[in-house]
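Given these sequences and hints, build the entire structure.
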Amino acid sequence: MIKLEKRPQPSRLWTVLAPLLAVLLTMVVGGALFWFLGANPFEAIRTIFWDPLFDPQFAPFSRPQLLVKAGPLILIAIGLSIGFRAGIWNIGAEGQYIMGAICGAGAGLALYPSDSVLVFPLMILCGALGGWAWAMIPAILKTRFGTNEILVSLMLVYVAENILASMSSGLLRNPEGMGFPGSRNFKQWEAAHNAELIPNTGMHWGVVFAFICVIGVYVMLTRHIQGFNIRLTGDAPKAARFAGVSPARVVFLCLGLAGALAGLAGLFEVSGPAGQITIDFNSGYGFTAIIVAFLGRLNPIGILLAGLLMALTYIGGELAQLMLGVPGASIQLFQGMLLFFLLGVDVFTNFRIRLTKPELA
Amino acid sequence: MKRRTLLASAAFAASLGTAAFAQDPTKACFVYVGPIGDGGWTYQHHQGALALKEEYGDKVEIAWQESVPEGSDAERVLTQMALSGCNIIFTTSFGYMDATNAVAAKFPDIKFEHSTGYKREHPNVSTYNARFYEGRAVVGHIAGKMTKTNKIGYIGSFPIPEVIMGINSYFHHAKMANPDVELVVTWAYTWFDPAKEADAARAMLDQGVDVITAHTDSTAPLAEIGKEDGNAWGFGQASDMAAFMTNDDGTPGPRVASIIDEWSPYYIKRVGALMDGTYEQIDSWAGMPEGEVVIGEMNDAIPDDVKAEAQELIDAISSGEYHPFTGPINRQDGTPWLAEGETAEDGTLLGMDFYIEGIKGEIPQ
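Protein sequence lines correspond, in order, to chains A and B.
Residue -15 is where the first sequence starts when you use our numbering, and the numbers rise one by one after that.
Residue 3 is where the second sequence starts when you use our numbering, and the numbers rise one by one after that.
Heads up, a few of these hints could be off.
Partial pick of chain B residues on the chain A-facing surface, computed with a CB cut under 8 Å [stated by the list, open to error]: (1) Pro71; (2) Leu85; (3) Tyr357.
Keeping only pairs whose Cα atoms sit at most 20 Å apart, straight-line, the calculated PhoX-like set for lysine-lysine is [what the hints assert, rightly or not]: (4) Lys171(A) <-> Lys121(B); (5) Lys147(B) <-> Lys309(B); (6) Lys147(B) <-> Lys108(B); (7) Lys121(B) <-> Lys108(B); (8) Lys198(B) <-> Lys55(B); (9) Lys108(B) <-> Lys171(A).
The hints are simulated quantities; they were obtained by calculation from the structure and are not laboratory data.
Ideal placement from N, C-alpha and C gives every residue a C-beta, glycine not left out.
As structure tokens, this is what we get:
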């Protein structure tokens, strides 16, 4: 008989091993999937994991693109991980990302065509504020009326999407765009363009902010009293209350931080790689970041690595579609497997397997 | 082809004495905004790509990528395509416009073709679109004849010139077929969202609208119209949607006809031109005469005389003798737009931001 037995302490070994094993299992099962689709499984796995990094034809371009793709994922996931640690489930980062982008871009476009050096800092500030304000809605509703933040934050994503559609075909529409939806392109306006800081590295301000946040949150969680309060609230809510931690304050802090970081990610994306506000410029970063947060064990360093890994599967997945002709849905399936196996393998962190002899009746 | 490979392949061909031209195939790549199984917009583009492959066989290689978001991902996907050796890249959604031009600047030797856009910032960028308003004219005529409540509907995606042009053409021809007709426009603010599209159709049906055309891509409106059991009718959009042509019991289904986007002639023409060296930058806006806009088979819900009239209209547009926007047509506020016999200029149509006389309501801003 196989029995699961709860460990007295989460296993340190498995905390490290679980993500690695999950990636390995994904490769094996994903490989089988590609094989059934008629592609060579080894070639498919190589195209996804190896070619974007080392293939001489693609790597010089796709290596920096890893940072571009991972930047917003890391930034959002870092914010989310703080709330997840405290047991506050913000599922609506996508909405906060959209609102940050709209507010930041809107603030910038209001000043068009100014070439002041203050335009971009102002956009950054408004981006963070936009995301923060959108996250305050579930925070206030939760603390005042006890609503469920999972539902409220998720529903607000759809509200934000509609505001985005209205903005891109109305208020923020490019007046020189012949009536088509979509704002001016920030790439053609230097003062507001979130350009690459060093050419061909993929480094833009959003990536820089992501790195700063990784370090900042790491320090906060391990060295600062707020970090301790957050972890305590998540691990032992009653103890936290006895220790004088205000649950409402933690809710505001966690949702506010997550919202602000998601808003920043949206602003950096819209003023840089995406270039303009369009009807559906958001491409699910806010939801993917949830996977990244868990894949990284809610640990800042883990999230950094998980964000890069996720970006790799996107870029490699695109190459696999292009070079091997596998359908787009199979790539999404492949990414889904990664989370599925991670959660599955996670059992071994808190439980161990005991083999016992079957008892005779 | 490089001189070296030319020599090598010549030597190879000579040595074997059999092999045909060992020429590198021309690689045509396609970027799709939706999945190739969407049954509408992307499906039709992919059918065009497959027709291209069918036409030229081994001389052409095709590759594609589906569900590419229109944000920052597009530029990366396009660059990877360019690096992978594509000779010509078709970007099949309006939202790829800036990305297409940005990547085209970096790869001057590769041809880029952007569908439904207007920016050609570099000599290697062409644009192409189809005159869908020609199809709207035909279904508008059918709608005007078929309605019993004198209320017809239009599910708009976004208030952009392309859609406003379609609404005007649809209403103008419905009105000519039936002077009492009234038009209800419902904006869905999406290109593809079956739930929203069904809601829009339902809202109009509940107001007494009994013929609906959609500018969105899913089959959901047809499914909703089908619930009226033969008292309301609709049209296939982008693709034929033939599954709704006949009900299971053999009676005519809710889809009485359809407007089909047929991209094959364009793809075959352009890749052919690239191969024989006659390729040039163009801004293509073709329609029924070139076979790029096709009306799908009309089902038996349409009376025979209306079918015949619709066919006459199709023939007149296809031969070029009739332009769907031929005056006299006034603007919504009653001021004249086109005088008797005058036809609309392409520039006005491409920037169309006004309704014609008789349409109620305002274009959302």
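### Message
To test your reading of the hints: which numbers does this structure violate?
### Response
3, 6 and 8
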